[in-house]
Structures are given as C-alpha cells and as structure tokens.
Amino acid sequence: MIGLALILISAFFFPGVILQTKAKASGRYGAGILQPWKDIWRLARKGSVYSTTTTIIFQIAPSINLAAVICAMLMLPFANQPAILSFDGDVVMFCYVLSLGRFFMILAAMDTGSPFEGMGANREALFSVFAEPAFFILMGSLAMFTEHTSFDSIYQHLYFEDYFSSLIGILASYLLVQMAMVENSRLPVDDPTTHLELTMIHEVMTLDNSGIDMAMLQFASTLKFAIFGSLIANFFLQPHSVLVASPVALAMNSIVFLVIQFIFSVMVGLLESFRARFKMNKNPQFILTLSSVAVIIFFTVLIITQKI
Amino acid sequence: MIGNAENTIKIRNNETISLHNIPLLPYHKFYDTASALLGQAHYHCVNYYGFPYKNSLHLICAVANDHDRTIEIFSCQIANESGIHLESLTAKHYAMHCYEREIAENFGVVFTNHPWLKPIRYPHDRANKSDTINTYPFYSIAGDQIHEVGVGPVHAGVIEPGHFRFICNGEMVLHLEIQLGWQHRGIEHLFLKKKKLLERTTLAENITGDTAVGHNLAFVSLMESLGNLPARYDKKLGYERALALEMERIGIHVGDLSAMCTDVAFQLGSAVFGALRTPIINYTQLWCGNRFGKGFLRTGGTNYPINEKLISKLQFLFDDFTTKFNEISVYTFNLPSVLSRFEGCGTVTLKQVKLIGAVGMVARMAGMVRDIRHTHPFASYTDIPYKPAVLTTGDVYARGVLRKMEIEKSTLYIQTLKQNVMSLPESPKPVYKVNLAPESFAISLVEGWRGEICHCAITDEDGELAHYKVKEPSLHNWLGLALALRNTEISDFPINNKSFDLSYCGYDL
Numbered sequence: 138m139i140g141l142a143l144i145l146i147s148a149f150f151f152p153g154v155i156l157q158t159k160a161k162a163s164g165r166y167g168a169g170i171l172q173p174w175k176d177i178w179r180l181a182r183k184g185s186v187y188s189t190t191t192t193i194i195f196q197i198a199p200s201i202n203l204a205a206v207i208c209a210m211l212m213l214p215f216a217n218q219p220a221i222l223s224f225d226g227d228v229v230m231f232c233y234v235l236s237l238g239r240f241f242m243i244l245a246a247m248d249t250g251s252p253f254e255g256m257g258a259n260r261e262a263l264f265s266v267f268a269e270p271a272f273f274i275l276m277g278s279l280a281m282f283t284e285h286t287s288f289d290s291i292y293q294h295l296y297f298e299d300y301f302s303s304l305i306g307i308l309a310s311y312l313l314v315q316m317a318m319v320e321n322s323r324l325p326v327d328d329p330t331t332h333l334e335l336t337m338i339h340e341v342m343t344l345d346n347s348g349i350d351m352a353m354l355q356f357a358s359t360l361k362f363a364i365f366g367s368l369i370a371n372f373f374l375q376p377h378s379v380l381v382a383s384p385v386a387l388a389m390n391s392i393v394f395l396v397i398q399f400i401f402s403v404m405v406g407l408l409e410s411f412r413a414r415f416k417m418n419k420n421p422q423f424i425l426t427l428s429s430v431a432v433i434i435f436f437t438v439l440i441i442t443q444k445i
Numbered sequence: 011m012i013g014n015a016e017n018t019i020k021i022r023n024n025e026t027i028s029l030h031n032i033p034l035l036p037y038h039k040f041y042d043t044a045s046a047l048l049g050q051a052h053y054h055c056v057n058y059y060g061f062p063y064k065n066s067l068h069l070i071c072a073v074a075n076d077h078d079r080t081i082e083i084f085s086c087q088i089a090n091e092s093g094i095h096l097e098s099l100t101a102k103h104y105a106m107h108c109y110e111r112e113i114a115e116n117f118g119v120v121f122t123n124h125p126w127l128k129p130i131r132y133p134h135d136r137a138n139k140s141d142t143i144n145t146y147p148f149y150s151i152a153g154d155q156i157h158e159v160g161v162g163p164v165h166a167g168v169i170e171p172g173h174f175r176f177i178c179n180g181e182m183v184l185h186l187e188i189q190l191g192w193q194h195r196g197i198e199h200l201f202l203k204k205k206k207l208l209e210r211t212t213l214a215e216n217i218t219g220d221t222a223v224g225h226n227l228a229f230v231s232l233m234e235s236l237g238n239l240p241a242r243y244d245k246k247l248g249y250e251r252a253l254a255l256e257m258e259r260i261g262i263h264v265g266d267l268s269a270m271c272t273d274v275a276f277q278l279g280s281a282v283f284g285a286l287r288t289p290i291i292n293y294t295q296l297w298c299g300n301r302f303g304k305g306f307l308r309t310g311g312t313n314y315p316i317n318e319k320l321i322s323k324l325q326f327l328f329d330d331f332t333t334k335f336n337e338i339s340v341y342t343f344n345l346p347s348v349l350s351r352f353e354g355c356g357t358v359t360l361k362q363v364k365l366i367g368a369v370g371m372v373a374r375m376a377g378m379v380r381d382i383r384h385t386h387p388f389a390s391y392t393d394i395p396y397k398p399a400v401l402t403t404g405d406v407y408a409r410g411v412l413r414k415m416e417i418e419k420s421t422l423y424i425q426t427l428k429q430n431v432m433s434l435p436e437s438p439k440p441v442y443k444v445n446l447a448p449e450s451f452a453i454s455l456v457e458g459w460r461g462e463i464c465h466c467a468i469t470d471e472d473g474e475l476a477h478y479k480v481k482e483p484s485l486h487n488w489l490g491l492a493l494a495l496r497n498t499e500i501s502d503f504p505i506n507n508k509s510f511d512l513s514y515c516g517y518d519l
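Protein chains in written order, with the numbering used here: chain A, 138 to 445; chain B, 11 to 519.
If you are wondering where the hints come from, they were derived from the structure by calculation, not from laboratory data.
Keep in mind that this is a model prediction, so the values were computed, not measured.
Some clues are possibly wrong.
[To be verified] Lysine to aspartate or glutamate pairs mimicking EDC-like chemistry, simulated, CA-CA at most 16 Å apart:
1) A:K419 / B:E353
2) B:K304 / B:E209
3) B:K397 / B:D76
4) B:K245 / B:E436
5) A:K419 / B:D76
6) B:K205 / B:E499
7) A:K419 / B:E181
When you get a sec, could you build the whole thing from the sequences and use the hints?
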C-alpha cells in the first residue's frame, strides 16, 4: 500500500515538475508545480458537452482509458513494495490493458467523425504498433534474465552486479525513458503544447472531450507517466526480499524512488526544452530504433545467461 | 510597340498624372500591350483593376519596369454591364489571375480561357449576389485512396478566418485550396466614405494590423503626391519613414522566427526570439506612442521627429539586440532537429514563384529579386540604396534564413540612417487638409515586410477621391503557400503557413 501511495504522490507532482522545468529552461517563472492539478480539478467540476454525431462509445472511452491505466498500475511493484495484483505473465496483461484503453480512445476519436481526429487516431495506432515490439523484447529479456514472468518477481530477482548486467540496466532505463516519451505523446514524437490540430497525434484525439471526461484523460496521462517512471526507478532499488523489514530501509527506498521519479521528470522537461520535434514521417523510423536497442538488451541477456 | 508612347505612359513611383494622359486603348490593344510587356522578365504587373467612370468601366493596368524605376500605365474602356466577355490575360500570364478574378467578381466580366476564374473575396457589392461563399467551386480529385480535410474558417489559434481544404493521399497533400473572403470591411469604399484625412489615415493604418507602417506609408505618399506637398521631397522625413518601416520589418520578422520555432516545438528559440521582439516594438512605442508604429506617419510630416535622445536609445537597443539575435539564430539554424524540420520542407521553385507573380519575401526566398526598395525606391531608399537579400532553395529553411538575413540587413540600414539623419534639417509637421489634384491618378509602391504594397488613387473633377485601390502582397502569395504544400505532409502545413505568414484581412479587405 505504501507503493500505491508513492506512485500517486509522484503522479501528483510529475506533470508540474515537467512544466516548471520547461518554464525555467526558457526563462519564464512558470505557473507552479500544482497547475496541472488545478486544471484537472477545474475540469472535473465542469459538465461535459457531447456532439450529436457521437455515440455511447465516445462517452465511455475516457472512463475505460482511466480504468485501464489504473488496472495496469496495480500490476507494478512501486519502490519494490509487493504489487497488488501479480500473476505469471502479467507483463503481457499490462501491455494489453494499456492497449485496451488506447483502443477505446481511438474508437472514440473516430466516433466524432472529425477528419482531424480520424487522422490523429490513425497516427496513434500506427506509432503504438511500432512501439510494442520494443516493450516486449525488453520485458522478454528481463524475464529470461530473472526466469520470472511477472513484474513483481522480475524486479525482485533483478540484480545488476557485474558490468554486463549493469549494461542491461543502463540500456533498459534509456529505452524506458524513450518509450515513456512515445507512449505519453511527448517530444520528439508529439508536441503536447501545440494548438495546431494538423500536427497533433494524441492531443487531436481529445479535441471533442470536455469537462470530467477531459479531467479523466489528463489524470490517466499523469498516471501513465508515473508508471513509466517507476518502471525505471525499480531498477535502482533493492528488492523487498533482500530488504530487512526495517522502517529505515523502507524510508530510504521510498525516498530514492521519489528522487528518481523527480530526476526523470526534470529530464523529460529538459529533453523537451532544447530541441524541435520530429517530422511526422521520421517518427516510425525513430520508434523502430527503440526495438533495436531492445534487441541489444536481448543479446546481452543471452550472453549473461550463457545461452549463446 | 513596347514602351510606345501611344500605348502607355511612363511614370515613377509616387507620381501623379492627369487621368487624360493615361492612354485609353480598345481591349484588344490593351491586351496586346499588357501581354507584350509581361512577356519580358523585368516587367511585372503591380496593379490591374476596374473603375466605373461615367457609365463605362475603365480597366487600369500598372506594369512596373524593374530596370529603369518606371511604371507603365495604360487603360481601356468597356461597357459597364454584367456578362461582357473579354479574352483572358491569365491564360498567357498566370500572375494576372488574381486581378482578373477580382474584376470578374466585382463587375461580372467574363474572362474567356481563364484557367481558374473563381471568386476572390465575395464583397458585398459583387456583381452576382446569388454567388455566395457556400457555393464556392472547390477543386476535387476522385479516388478510393483520397480523402479531404477541411480546416477553418474558424482557426485553431482563433486568429483570422480562412478555409483551407486539403486533398490528401494518406498523410501526403496532393492539393491545397485556400478560400478566403470571410470578413467584409469594404475598406476601399470606406476610404471614399470617410471624408477627413485623419480618418483615412487611421483606415490605412488598419488595412492589415501587422503592416501599419507599410500601408500607411503608401497612403500618405499618395496624398502628398496628389496634393503636391513639400513633404514629398523632405529628406529627414524620408529617413524617419524608412526607419519606421525597417523597425516594423525587424519586429515582425523576429516574431515570425519565434512562431516558426513554436510550430516545430523548439521551445528555446520560441522563447528567445519572442523576447527579442519586445525591445524592438517597445522602441517604436517610445518613439511614437504605439508599438506598431500607428500615429507616426501623417500626411505632410510627422508629430514625432527623431531626436538625439531617441538616436542614442537606438544605439543602445541594437548593441544588445544584435549580440543576442546572432547567438540564438546561429544556434537555431545549426540545430539538427530544427534543420530536419525546415530543410526541404514546402519547396516552391523559382519557376513557380515567377508564374504566380510572387512578391516580397516569397519571391526572394526562391531566387527572384523582387524588392521595391531596390527597383522603385521611395523615402530614403533613393539616397541610400538597399540591396535585397536573395536565397534560392524556396523551402521553410530559406524563409527562415531570409528573415534572419533581412533583419541583419535592416539593422545595418538603420545604422546608416542613424548616422545621417541628425545632420538634416527638421522634418515638417503634418497637415490635416490637403487639396488633391483634380481628375488625377497616382500610384504608390512600398516594400512592406511582406512585400510589395501598392495603393492607387483616382480623384474626380472637384479634387475628391473617386476611387481608392489597395493591393496587399498576400493577394499573390497565398497561391505560393498552396503550391508549397503539394507533396508535403499535412502535418507540415502549420510550419509552412507560419513561414509565409500571409494576411487574411489584407486579402479580404
């Protein structure tokens, strides 16, 4: 339960830290770390407006998306606390629960009948297809490395003790940072701040959402970012099986977890400040290179486990 | 035939002539003259419009000669009735398409063999009232793989209204059609309706909000020319006006560079260029009380002559500006992620800009030297020549780098102005009543930051304005944007649109 509290705390500060970092990097004061949550709160108190061309799909999609993200969140160990839901093969479940949420968002976007949203849905579907192999090759390699197939036991048995296995840790962190950017529609693949619907990927799909629906979508995206942050943070924490069940060690672990989440969000902010986004047709190429990084991890694991 | 005194009359920029001196040709002769002139590379049409005069319709054409600083004027008289058929010049010279479309729309003239005879802006006094913006004949392409995306008229950034229709194959744009004419101020009629000079000046400042100095300079030059005021020849006034014009150019160009960075999500460039614009427009405010230079230009003189204090502030401003601007533009135009968005994106070729008769920056980014400051100098450009910067690649990168180069050139030009302006005698004060020459025609060309601005005025027997004509550079250049988008990804539309940064209201008038 401490784990769940930790991820909610990091989700709470994550978007604000990114925005604040970007503001500072461009010489502005920034609106404050809590601004994204003020926005979500404002939206949550508003009613939703539905176009007459939309059906029930459009109305339920934001809830399903949020439910899917929360569901995926429960499968992760945070700060190496035991996961709430855990079973063999939950790695696959995790990926497809997230996909379910996205699938409904795509349907909802098409439901509006707007040419922009159809275009955005098309891009979102295409790019997530390209991102999937990278995730599975990474998780497959880690499963092979630890000989376990649930997040909980993978992270429990993950030790980076020598050079080879540290290489896995570094590459996996790099990969997860980039995948978080793709999954959450951030730079360099998408630009979350643009007002130009023709260049959007994810944002254009939510053009018709308003009020509580929009609040749910934004809440889901902050959670999603925190989920990727903790996938990375867990690499650097001692597994709970080797922790002496002492409050001091637990507190240390929690602090390290939050610090890593913080560093992750500052890094995202900096990554977004000093570069331009990609041309749309360069995106698939970039996302596919993530798979090749995953393949390097895969071969490293093969070497370590002496399978080749 | 060309330059034949019988067919045309040669005048200079900001010159007034009597209406009776403009050769009145039958249409076939008018057509031949225009066609022969436009067939040569150093001639381009700066204005061609219809003007109802004593129960008939006069077509007045002004073709500029880029070699000898002259403008050839000739006219033709046709019956002012709807449905009259004339042979189209556009069929031979595509650049004439917008003028003929405008004449066709306003007076119901049918131009035969015109390849694209579509309404231009649906003004309230158009000839065919049953033709509305909802019945605009869009070009269409049939095919299973083809889809259409319509954007606007309500713009995402809530700027001005314009409808963009993309015909796409997947993410690739095959054709873009830009349909404007959503706002109707009838600004040319307002010039006649408003009788006071100050009212008219305010109108001129608001033809396009971002070119207040450019359009107003064209207006006051016309008034000074028609009224034959001594201010026309005042050197200090000319220098001050050029200074205001270049300040406007720098301000808008820096703002556009910032916006181009925003569109590719390059935050640093967006923030720094954006911050650099502020001191420039604030200087204009310090000078004349308005950041956009409104209030500085007045017929006959100015209320805000430049003084020693302003000159030393100017020195301060540019010492700081130049360093910072160089730093950020070197960083931006060498950053791989920015280059990959800018280079090769939305290319318009030299041939295309020549065909569409592009003016200003859009012409210069693709290798065509077209700059009124250079070919038909006005204000201080007659004394201190300006040599335009020209690039050849015609892509977003060229449009970005050209802005950078023009800012540098303008900065240097301002340095020269600054060194010379204080030794000149004081500029005159404005006048608010001008007696215009009766039955005359005057033309004024100004190189605004967007390009060639052309204003023409005609007076009646009593020396009152009988007709006023405004031509914004955007009239030509919107087609350039449409061409740039061909075989470009639809997601690159915003960056292309921003790199052209054309005017909606200047087109709609």
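Would the pair K205 of chain B and E499 of chain B pass a check requiring their Cα atoms to be no farther apart than 16 Å? Violated, at about 49 Å.
Regarding the pair K419 of chain A and E353 of chain B, is the alpha-carbon distance no greater than 16 Å? holds, 14 Å
Tell me if the straight-line CA distance from K304 of chain B to E209 of chain B falls inside 16 Å. It holds: about 13 Å lies between the C-alpha atoms, which stays within 16 Å.
Is the Cα-Cα distance between K419 of chain A and D76 of chain B 16 Å or less? violated, 43 Å
Next pair to validate is K397 of chain B with D76 of chain B; report whether the Cα-Cα distance is within 16 Å. holds, 14 Å
Take a quick look at whether K245 of chain B and E436 of chain B sit within 16 Å of each other, Cα to Cα. holds, 9 Å
Quick one, are K419 of chain A and E181 of chain B close enough, alpha carbons at most 16 Å? With Cα atoms ~13 Å apart, K419 of chain A and E181 of chain B stay inside 16 Å; holds.
Violated hints, listed in ascending order, are 5, 6; each of the other numbered hints is respected by the structure.
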